[in-house]
Structure formats: structure tokens, C-alpha cells
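J.: If you count the sequence shown from 1, position 68 lands on 449 in our numbering, and the numbers rise without skipping.
Simulated from the structure, these hints should not be mistaken for lab results. Check each hint, because a few of them may be wrong.
To be verified - Quick list of in silico lysine-lysine cross-link-like pairs, DSBU-like style, CA-CA up to 30 Å:
no.: 1; residue 1: 391; residue 2: 401
no.: 2; residue 1: 429; residue 2: 401
no.: 3; residue 1: 441; residue 2: 457
no.: 4; residue 1: 396; residue 2: 457
no.: 5; residue 1: 429; residue 2: 441
no.: 6; residue 1: 441; residue 2: 391
no.: 7; residue 1: 441; residue 2: 396
no.: 8; residue 1: 439; residue 2: 457
no.: 9; residue 1: 429; residue 2: 396
no.: 10; residue 1: 457; residue 2: 391
no.: 11; residue 1: 429; residue 2: 457
no.: 12; residue 1: 429; residue 2: 439
no.: 13; residue 1: 429; residue 2: 391
no.: 14; residue 1: 439; residue 2: 391
no.: 15; residue 1: 396; residue 2: 439
Quick caveat: nothing in here was measured; it's all calculated off a predicted structure.
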Amino acid sequence: QDPVPKDPTKEFWMKDVNCKNCYECQIAFSTFVRRHHCRSCGRIFCSKCTGNTIFSEKEKRNMRVCDFCFGLSQSKQKRSRVDPGVVVQKAITSAPER
382 QDPVPKDPTK
392 EFWMKDVNCK
402 NCYECQIAFS
412 TFVRRHHCRS
422 CGRIFCSKCT
432 GNTIFSEKEK
442 RNMRVCDFCF
452 GLSQSKQKRS
462 RVDPGVVVQK
472 AITSAPER
């Protein structure tokens with residue numbers, strides 16, 4: 382995958398019109414499969430591939446992130462147990478699809 386930007390903001394997010402499928406699992410977006418931006422890398426994913434949150438000290442809230450960025454954060458947290466500024470948690474953010 383492409384390198385993750387250091388400080389992505391909405392200006393750097395992938396445009397909705399440019400993305401017809403989830404960046405990770407390739408499921409097609411529709412009325413029932415919604416687009417979700419990863420708040421870390423700015424790419425667009427389905428809800429299943431953005432079912433993680435990371436607490437942002439900068440934003441002072443939990444942010445929805447993709448599986449790849451969540452894995453990077455877990456690795457960073459394991460390497461830096463001394464830094465209390467990074468809190469990583471796994472969360473279910475959507476109801477099961479039918």
C-alpha cells in the first residue's frame with residue numbers, strides 16, 4: 382500500500398466520486414454499502430474495513446481508521462509503551478449487514 386500521510390486533513394482525503402469500491406476489500410459502494418474515510422490515511426473504505434478507532438490527542442476524540450492504519454498504530458503503541466498520548470482500541474462501528 383501507499384505510504385500514510387503524516388497529517389492528513391479533509392483537503393487530502395480521497396474524493397468520493399473517485400472511489401467506486403472499497404480500497405481494501407473491493408466491495409462496490411451502493412445505497413446499502415456506504416463510503417467511510419479513514420481519518421488517518423484519507424482513503425475510502427466500507428464499514429467492515431474501517432471498524433477500528435484510534436484516540437487522537439490532537440483532535441481529543443476517537444477517529445475511525447482503516448485496518449492498515451490501525452495495525453500501524455498498534456505497532457507504534459507496542460514500541461512506545463512510555464507514550465500515553467497514543468490510545469488504540471478496537472470498536473464495532475456498524476450493525477451487521479444483511
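J.: Give a verdict on every hint.
T.: Comparing the hints with the structure gives:
no.	hint	verdict
1	391 with 401	holds, 19 Å
2	429 with 401	holds, 16 Å
3	441 with 457	holds, 19 Å
4	396 with 457	holds, 28 Å
5	429 with 441	holds, 24 Å
6	441 with 391	holds, 17 Å
7	441 with 396	holds, 25 Å
8	439 with 457	holds, 17 Å
9	429 with 396	holds, 20 Å
10	457 with 391	holds, 24 Å
11	429 with 457	holds, 23 Å
12	429 with 439	holds, 25 Å
13	429 with 391	holds, 21 Å
14	439 with 391	holds, 15 Å
15	396 with 439	holds, 24 Å
Checked against the numbered hints given earlier, this structure breaks none of them.
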